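From first to last, the protein sequence lines stand for chains V and F.
As numbered in this note's numbering, the first sequence has no gaps in its residue numbers, which increase by one up to the final residue, 975.
As numbered in this note's numbering, the second sequence has no gaps in its residue numbers, which increase by one up to the final residue, 262.
There's no promise every hint is true.
[Claimed, not checked] Taking lysine-lysine pairs in the DSSO-like style, the calculated list, with each CA pair at most 30 Å apart, reads: (1) 840/V / 162/F; (2) 840/V / 158/F; (3) 227/F / 840/V; (4) 840/V / 98/F; (5) 237/F / 840/V; (6) 131/F / 815/V.
Treat the hints as calculated values from the structure; they're not laboratory data.
The model shown is predicted, which means the values in this text are computed figures rather than measured ones.
Read off the chains here:
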Amino acid sequence: MTADTVSFGIPALDKAIMNGIPKGYTILCLGGPGAGVELFAKRFASVDTSNETVTYFSTSERDSDVLDTMKEFGWNTNIKIVNIGTMYYEKVLTKHLEVSRYRLEGLTMRDIRQFKLAQQKEEDMSITNFLTTVTYEISKMKPPFRIVLDSLNFFLEYYPPKDVLSAIRTIKSHTQHHGGVALVTLVKGVMDSHIESGIEEIVDAIIELERQRDGFEFKRNLLIRKVRNHPEKTGILSYTIDEKGISAKSM
Amino acid sequence: MATEKPRKDAPPIYRERCATGIEGLDNILNGGIPRGNTILFTGSCGTGKTTLSLEFLVHGAIAGENSLFVSVTEASDKLMKNVIPYDFFDETLIKKGTLVFVDMPVIYERLGLTEMELSLEDVGTIVKAVGDLVDELSIKRLVLDSVTSVCYRLKTEEKIREFILQIGKCLSDRGCTSMLISEISPSAERYSLYGVEEAIADGIVLMGNLERRGDLLRTLQVVKMRGTNHSRAKYVLDLTPAGILLVPLLKGGSGGGTT
Numbered sequence: 725m726t727a728d729t730v731s732f733g734i735p736a737l738d739k740a741i742m743n744g745i746p747k748g749y750t751i752l753c754l755g756g757p758g759a760g761v762e763l764f765a766k767r768f769a770s771v772d773t774s775n776e777t778v779t780y781f782s783t784s785e786r787d788s789d790v791l792d793t794m795k796e797f798g799w800n801t802n803i804k805i806v807n808i809g810t811m812y813y814e815k816v817l818t819k820h821l822e823v824s825r826y827r828l829e830g831l832t833m834r835d836i837r838q839f840k841l842a843q844q845k846e847e848d849m850s851i852t853n854f855l856t857t858v859t860y861e862i863s864k865m866k867p868p869f870r871i872v873l874d875s876l877n878f879f880l881e882y883y884p885p886k887d888v889l890s891a892i893r894t895i896k897s898h899t900q901h902h903g904g905v906a907l908v909t910l911v912k913g914v915m916d917s918h919i920e921s922g923i924e925e926i927v928d929a930i931i932e933l934e935r936q937r938d939g940f941e942f943k944r945n946l947l948i949r950k951v952r953n954h955p956e957k958t959g960i961l962s963y964t965i966d967e968k969g970i971s972a973k974s975m
Numbered sequence: 004m005a006t007e008k009p010r011k012d013a014p015p016i017y018r019e020r021c022a023t024g025i026e027g028l029d030n031i032l033n034g035g036i037p038r039g040n041t042i043l044f045t046g047s048c049g050t051g052k053t054t055l056s057l058e059f060l061v062h063g064a065i066a067g068e069n070s071l072f073v074s075v076t077e078a079s080d081k082l083m084k085n086v087i088p089y090d091f092f093d094e095t096l097i098k099k100g101t102l103v104f105v106d107m108p109v110i111y112e113r114l115g116l117t118e119m120e121l122s123l124e125d126v127g128t129i130v131k132a133v134g135d136l137v138d139e140l141s142i143k144r145l146v147l148d149s150v151t152s153v154c155y156r157l158k159t160e161e162k163i164r165e166f167i168l169q170i171g172k173c174l175s176d177r178g179c180t181s182m183l184i185s186e187i188s189p190s191a192e193r194y195s196l197y198g199v200e201e202a203i204a205d206g207i208v209l210m211g212n213l214e215r216r217g218d219l220l221r222t223l224q225v226v227k228m229r230g231t232n233h234s235r236a237k238y239v240l241d242l243t244p245a246g247i248l249l250v251p252l253l254k255g256g257s258g259g260g261t262t
């Protein structure tokens, strides 16, 4: 590592780029289901650095799932988790479940009174914009910091793509301005290709995890598809996932 | 197909009445609203529709009939304060649960009806919710203030028709006598904003303002009421602390005075 770069947590990948990720970079990690994108995100979040604050935005796993996976591989778990998935469950899905219940079982005066009581207590019943939650949390971060947003698919499912792209630009600007690093993940092939292209245009680097069947096993390739201003750094590594975690090597 | 005509000497079918408790109105209606009817109380703002409907509920509650006010546009906490100044109002009616106020926006929220335009399916959902409350609380009198605000979110004539038909049937099946409050502009030439409500309701009571010799009088006229004979004359309505007083409008006279 140099003073201007930080590690991915995968030495061969650090070496292949610029002995690490240049500070200020926003990286997109994408791949098909089962390629290991989520694990790559956790490895990136768990790089043991003494001075970086690490914030992991999870959208589909519980906090314990994230931490247990990291512990399983013996990785550092000194991270802050902002669980958007849990927030979404509590603020939106729970309401949907309640609505289903009221519609099927009927609405009672008790249900109406409970709602009015909550209103009187000024409980927060507003609909949260979770994209805003993420950008707000990130805007508060002071350098040096490392952000993981796993994954963009959640936001693209619930918000207009232009809003998601705008949020990525905001994250990128904040990261760039303060010299932090950010990793966003995307499951490939779920969204329209023009949305993927829009995201790829914004980020500074793109890592694609590719899994191909080779006889009775999978062959895994790590494609460095974009490094801003350094097209010579693009290339392909092979990677493996075992009990020690993720390791890569030149082809 | 031949229709069976009633025999000339057959006694008239008796419809049980729901006395409104407003003496003048009960006289006009020969004892009250036929029980189970859904009546459209229509008029421009300031004509006394909400006050009259609240009095109808309070009298019902005093007589032991559980009464429900469903408020669409105004918070029920604020509305409750409107009935407190009446001499005949007893606060224990609310404490005992004989007189109940519910805010329609809370029903919308609980049922997840957040879109500005409601669907035909949503109509059924709202009617079911109202019916469930009527069953749970054994409601015999209901006011929906205003039906115009509900119709505003239904948009199409088809959905409005379906809503009025469904809510009318739902309440009538439960023996609940109901007032649907309808807002119209003073210059409107019909009895409801969308024109559908008036065709389906069992009765129409038109409330208006009449300027006479510098005074703005409130007026009431029963235009239609299924199941009873009634006067179609115009009456002057006076809001007093003792409740609503109705006196015939004196044609060409000074009018408006309480006698």
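* List, from low to high, the hint numbers that the structure doesn't satisfy. => Failing hints, ascending: 3, 5.
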